[in-house]
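S.K.: All chains, full assembly: derive it from the sequences and hints.
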Amino acid sequence: MLAEGKLASPARSTIFGFRVPLYSELDPQAVQLANWILFQSSYSLARRRLSIDQTLAVGVNDFNFDYDNGMLKGTANLLPSVTLPKLQTELAQLGGDFARLSEEEYDAYLKQLFISAQDDGLRNEGLVAFAAQSWGKFGGLQYLQDMLSGKAAADLRNKTKALVDEYVKADNLVLVHGKGDK
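For the sequence shown, my numbering assigns the number 1 to the initial residue and increments by one for each residue that follows.
Be careful, since some hints might not be right.
[As the list claims (entries may be wrong)] In the DSS-like style, the derived pairs of lysine-lysine whose C-alpha atoms are separated by at most 30 angstroms in a straight line are:
| # | residue 1 | residue 2 |
| --- | --- | --- |
| 1 | K161 | K111 |
| 2 | K137 | K151 |
| 3 | K169 | K159 |
| 4 | K151 | K161 |
| 5 | K137 | K169 |
| 6 | K161 | K137 |
| 7 | K137 | K111 |
| 8 | K111 | K159 |
| 9 | K137 | K159 |
| 10 | K111 | K151 |
| 11 | K161 | K86 |
| 12 | K111 | K169 |
| 13 | K86 | K169 |
[Said to hold, decoys possible] Restraint ranges, calculated between C-beta atoms of paired labels, are given here:
| # | residue 1 | residue 2 | range |
| --- | --- | --- | --- |
| 14 | A154 | L22 | 19 to 27 angstroms |
| 15 | V58 | D120 | 23 to 31 angstroms |
| 16 | G139 | G59 | 31 to 39 angstroms |
| 17 | R123 | S42 | 16 to 24 angstroms |
| 18 | Q54 | G121 | 29 to 37 angstroms |
| 19 | T83 | G121 | 40 to 48 angstroms |
| 20 | S81 | Q118 | 34 to 42 angstroms |
| 21 | T83 | A132 | 35 to 43 angstroms |
| 22 | R123 | S81 | 35 to 43 angstroms |
| 23 | T83 | Q142 | 40 to 48 angstroms |
Bear in mind the hints are in silico, worked out from the structure with no lab data behind them. Small disclaimer: the values here were computed from a predicted structure and weren't measured. Ideal placement from N, C-alpha and C gives every residue a C-beta, glycine not left out.
M.R.: Right under this line is the structure:
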């Protein structure tokens with residue numbers, strides 16, 4: 001699905017993502033971990049694919065995970081030479097990139113996610129936002145407690161893999177770009 005903005009943007013900012021059910025219908029840690037690995041981590045698969053392995057974009061990051069529901073999404077500023085079909089091709093491969101993660105890479109992402117959550121919990125505003133997310137998106141405080149304690153849900157790797165396998169694919173990709181981008 002492509003959406004086109006009304007104004008031309010010289011920055012070529014693009015939002016992209018994959019539709020998923022409401023987060024409350026998914027395993028909270030699996031959806032958070034999938035977003036972390038795909039878009040949010042400082043070494044996310046999207047950043048690796050678009051910015052590190054190739055020079056297609058800058059500023060690759062997640063987009064509004066804390067506020068929106070029903071989509072795993074990221075954002076990037078595309079370089080002038082990058083076409084939307086090229087971006088689509090690269091993003092469609094994120095599911096395969098996830099499937100190829102080694103046990104060590106997966107464990108490093110999980111550890112990094114827990115450290116980030118615990119770090120956020122040390123700040124009052126971060127803790128308040130985290131509690132609101134846990135209660136509002138996931139229906140209670142168990143998610144918050146598990147993340148702050150570093151306790152991974154049972155079978156988290158398989159649940160996260162199943163979520164990525166089902167939803168992170170080319171025919172479920174959404175791109176939002178500025179007017180005039182091709």
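S.K.: Each hint needs a verdict: does it hold in this structure or not?
M.R.: Evaluated hints:
no., hint, result
1, K161 with K111, "holds, 17 angstroms"
2, K137 with K151, "holds, 19 angstroms"
3, K169 with K159, "holds, 17 angstroms"
4, K151 with K161, "holds, 18 angstroms"
5, K137 with K169, "holds, 24 angstroms"
6, K161 with K137, "holds, 21 angstroms"
7, K137 with K111, "holds, 22 angstroms"
8, K111 with K159, "holds, 17 angstroms"
9, K137 with K159, "holds, 18 angstroms"
10, K111 with K151, "holds, 10 angstroms"
11, K161 with K86, "holds, 25 angstroms"
12, K111 with K169, "holds, 26 angstroms"
13, K86 with K169, "holds, 15 angstroms"
14, A154 with L22: 19 to 27 angstroms, "holds, 22 angstroms"
15, V58 with D120: 23 to 31 angstroms, "holds, 25 angstroms"
16, G139 with G59: 31 to 39 angstroms, "holds, 33 angstroms"
17, R123 with S42: 16 to 24 angstroms, "holds, 18 angstroms"
18, Q54 with G121: 29 to 37 angstroms, "holds, 35 angstroms"
19, T83 with G121: 40 to 48 angstroms, "holds, 42 angstroms"
20, S81 with Q118: 34 to 42 angstroms, "holds, 41 angstroms"
21, T83 with A132: 35 to 43 angstroms, "holds, 39 angstroms"
22, R123 with S81: 35 to 43 angstroms, "holds, 40 angstroms"
23, T83 with Q142: 40 to 48 angstroms, "holds, 44 angstroms"
In summary, this structure violates none of the numbered hints.
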